Each structure stands twice: as C-alpha cells, then as structure tokens.
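Peer 1: Model the full assembly from the supplied sequences, consistent with the hints where possible.
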Amino acid sequence: MDLSCSHITEEKVDGAISTMEKQERALDSRLMNLPAELREQIYLLLVVKPQNTVTMLSNYNCYRSEVSACQPTISFVSRQLRKETLPLFYGNNLFMAEITQIVDLEIAKRWLNAIGDENVKSLRRLAICGWTRIPFGHMVSKRWVRIVLDLKNGTIEVEGTGSEAGQYSSTIAAIEQLKASFLKMVESRDGLNFDVESLETFLDGFHGLCAVY
Numbered sequence: 001m002d003l004s005c006s007h008i009t010e011e012k013v014d015g016a017i018s019t020m021e022k023q024e025r026a027l028d029s030r031l032m033n034l035p036a037e038l039r040e041q042i043y044l045l046l047v048v049k050p051q052n053t054v055t056m057l058s059n060y061n062c063y064r065s066e067v068s069a070c071q072p073t074i075s076f077v078s079r080q081l082r083k084e085t086l087p088l089f090y091g092n093n094l095f096m097a098e099i100t101q102i103v104d105l106e107i108a109k110r111w112l113n114a115i116g117d118e119n120v121k122s123l124r125r126l127a128i129c130g131w132t133r134i135p136f137g138h139m140v141s142k143r144w145v146r147i148v149l150d151l152k153n154g155t156i157e158v159e160g161t162g163s164e165a166g167q168y169s170s171t172i173a174a175i176e177q178l179k180a181s182f183l184k185m186v187e188s189r190d191g192l193n194f195d196v197e198s199l200e201t202f203l204d205g206f207h208g209l210c211a212v213y
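If you read the sequence shown in the working numbering, its first letter stands for residue 1, the second for the next number, and so on.
The hints are simulated quantities; they were obtained by calculation from the structure and are not laboratory data. Be a bit skeptical, because a hint or two may be false.
To be verified - Dumping the calculated SDA-like pairs for lysine to any residue here, alpha-carbon to alpha-carbon at most 25 Å: (1) Lys179 to Leu192; (2) Lys179 to Asn193; (3) Lys83 to Ser198; (4) Lys49 to Arg110.
Claimed, not checked - Per label pair, the in silico range of CB-to-CB distance: (5) Pro50 to Asn153: 22 to 30 Å; (6) Pro35 to Glu200: 37 to 45 Å; (7) Lys83 to Val158: 30 to 38 Å; (8) Glu118 to Leu34: 21 to 29 Å; (9) Lys152 to Asp204: 18 to 26 Å; (10) Asp204 to Ser68: 17 to 25 Å.
Fair warning: this is a prediction, and the values are worked out from it, not measured in the lab. Note that CB positions come from ideal geometry on N, CA and C, so glycine has one too.
Peer 2: Dropping the structure here:
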C-alpha cells in the first residue's frame, strides 16, 4: 500500500466526504435508487481485485500479482456508499503483508490502525508471510513461510514448512505454537470479531520467527 494510504484515517476521510457529497449528490441518488441486491453486485465488480491479493507493502508495484490495499475510490463519494462498499472490500479480498523486516511490520500496523476496528472487523482473509530463521549447523539459513488466516471461520493454513521435518523441526515447532496461539485467540474471543490490537499481537508473533533479509 502507498505509505500515504496508511495515514488516511477515518476522521480525515469523513471531512473529505462532506465536500464530495455536495458535488456527487445526483449520481449518488441514482445509484441508491437501485435495489440493494443490484447495488451489491455493482460494488463487488468495483472493489474485488482480479488478482484477489492486495498488499499493505509500500512497494506493491514490484509485485506483478498484487495491488495496493488503499480503499476503493467509490468509498470516498459519500458516507452511505462508504458504509455499503467497505465491508465488501475487506470481506472479499485477500490482504497480504510480508513482515520479514521491522519496517514492513510497522507499515502493516499503521495500515491496521488507519482503517480502524470498524473496518478490521470486516476483514476475512489475511495472509502473513516472511523469511523465517532456520538453524543449519553453525549457520542460519532462511525459509519462506506464508500463513493465511480466515478471521471469520477462525482457521489458519500454513505454506512453506516443507516435508523435511528433521531439518526444520525447530521452525515447524515455532509455527505450530503460533497456530495454537491463534486458535486460542479465536476461542477467547468467543465469536467476537477481531480488532486492531489482536491482529497486531499476531503480527508481532510471526515477525519473531523472521530474520532481516
């Protein structure tokens, strides 16, 4: 995501929308006169990314399969459109954060804080990836690990641990511990949506597995 996006808080957006609403009132009125089901189909075409992966990283242009996690343009037109489109945007895209380096962890946290608890509760799929430390004799090698969280179903998938259980046993054990922490977090929330603080805690845990690459 562009760094500027992580600084666009809901308070700033609200002020900007007040100005735009006066200019876009006619268009907004025509759209809002459509049935809710038809509006939702239109919104999905506008806010669901074809690649189905949006990234919080500032250098997202370096990744051919990824696009920025900035909120869709239509969500800035009016408060009503924002209310109807943002849950679809956050609930139907896969959001990715590589947090190998501390600067990337900070960007991901700024992004979460910028969108706030109200939008975080709409997040469904969050992919967290990075280069993890792997002891190899007297050296430390690295292995790419990607974790995909389903925040609505409370499930977690891990990619990249491989089949070499002996060689990577310490890394696998750490990942299993992280998985257990997530499932415990799900259980403790007892059906409540995740918030910024809980996701930041998980990001910190994953970053602890990583080395500067």
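Peer 1: Determine for every hint whether it applies to the structure shown.
Peer 2: Now for the hints, and whether the structure bears them out:
1. Lys179 to Leu192: 19 Å, holds
2. Lys179 to Asn193: 18 Å, holds
3. Lys83 to Ser198: Holds: lysine 83 and serine 198 sit about 23 Å apart, inside 25 Å.
4. Lys49 to Arg110: 22 Å, holds
5. Pro50 to Asn153: 22 to 30 Å: 24 Å Cβ-Cβ, so the 22 to 30 Å window holds.
6. Pro35 to Glu200: 37 to 45 Å: With Cβ atoms ~39 Å apart, the hint holds.
7. Lys83 to Val158: 30 to 38 Å: The hinted range 30 to 38 Å holds for lysine 83 and valine 158, with Cβ atoms some 35 Å apart.
8. Glu118 to Leu34: 21 to 29 Å: 25 Å, holds
9. Lys152 to Asp204: 18 to 26 Å: 22 Å, holds
10. Asp204 to Ser68: 17 to 25 Å: 24 Å, holds
Hint compliance for this structure: every hint is met.
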